[in-house]
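Based on the sequences and whatever the hints tell you, model everything.
Letter 267 of the sequence shown, counting from 1, is numbered 337 in the working numbering, and no numbers are missing.
Calculated pairs, DSSO-like style, for lysine-lysine (alpha carbon to alpha carbon, straight line, at most 30 Å): (1) Lys397 <-> Lys354; (2) Lys140 <-> Lys196; (3) Lys230 <-> Lys354; (4) Lys230 <-> Lys253; (5) Lys230 <-> Lys261; (6) Lys196 <-> Lys230; (7) Lys76 <-> Lys196; (8) Lys196 <-> Lys253; (9) Lys76 <-> Lys413; (10) Lys413 <-> Lys140.
The following label-pair restraints were derived from C-beta to C-beta distances: (11) Asp137 <-> Tyr84: 19 to 29 Å; (12) Ala351 <-> Thr154: 45 to 55 Å; (13) Lys397 <-> Thr154: 28 to 38 Å; (14) His360 <-> Gly406: 15 to 25 Å; (15) Lys76 <-> Gly406: 17 to 27 Å.
FYI, nobody ran anything at the bench for these hints, they're computed from the structure.
Even glycine gets a Cβ: it sits at the ideal position worked out from N, Cα and C.
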Amino acid sequence: MTSNQKMFVFVGSYAESTSSGVYTYEFDETTGELRLLDQTSGLKNPTFLNVDVEHSHIYAIGEVETDSGKAGEVMMIHFDPNGTLTRFNRTITTPNTTCHVQRDSDNRFLVVSSYHGGMAGLVSLKENGHVGELLDVQTHEPIDGAAPHVHSAFFSPDEKFLLVQDLGLDLIRTYAIDREAGKLVAQGDTKAAQGAGPRHLTFHPGGRFAFVINELNSTIASYRYDADSGSLSEIEVVPTLPSDYSGENGCSEIALSADGRFVYGANRGHDSIVVYAFDEAGEKLTLVQHISTEGGHPRHFALTPSGSHLLAANRDANNIAVFTVDKESGRLAFTGHTVSVSKPVCVRPYYV
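Spelled out as structure tokens, the structure:
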């Protein structure tokens, strides 16, 4: 970070199209305070955002009504140096609502995930950053009576592969991207435990390991990653909950510290962040901490680019809570700062 850099925090939420759904905040790392800069409406349930900082673009998913029923869409929103948001183009994507969006580093493609449709969609990006057309849709088929529910898709570190988490089928499906044809090509599946519900994935910065948070059985699974085949092999599975907790729970987001030493996962129900230390040499996770998110239903959280803070989006408390991060121990501490925002479900901090 340089002295003239600011940190913007972009927030997506559950909202009607007539209400504000995407927000820009400025985050002061010294005080731990968030200050609202702008907000925009026009999207129904912009629940996940992807941010292209270099070109000042936000890609926000939404949902629309078509003659065939509900469908997914993506809108490109521009932000200026003051954080002001300007809506540009939008494109209908999958023939069902979406819950997640990713972008490749060459800005050629978006990948959207449809939970209710059980599908992953490949969308083109134009040279000016505008959203292009839907190129391909891969719909997962039921297995043994279980319905597919695709919750997220993440590029491998070298972007040769796309790893798609199917919560309904309890598997992670690897696709290659045929960039010339604009197609997703299935490569193979990694099975999770029955009833696990894999939701989101994150790669270790070294690229040799991946970690998946399982929504339904409240666990984190660690895997070795084979960059040649795009396949995963399970190392261990650890709980996200304290042993004495017996209430209902569903996990949401997972993230790693920039140095790969600590894994963070969110519990909705227990309403906490769990912290694990990862020993790369021993390939072992060790529990560090559970800490309250200071609100109900933390659907998403993010570490700031400097790694000094964690921001937790609590949907049911209508707030974003700010925590400091001890980089040596991985432990979190609540700063006492929260900001009120309606039903926040995605929080994305970036230096601009």
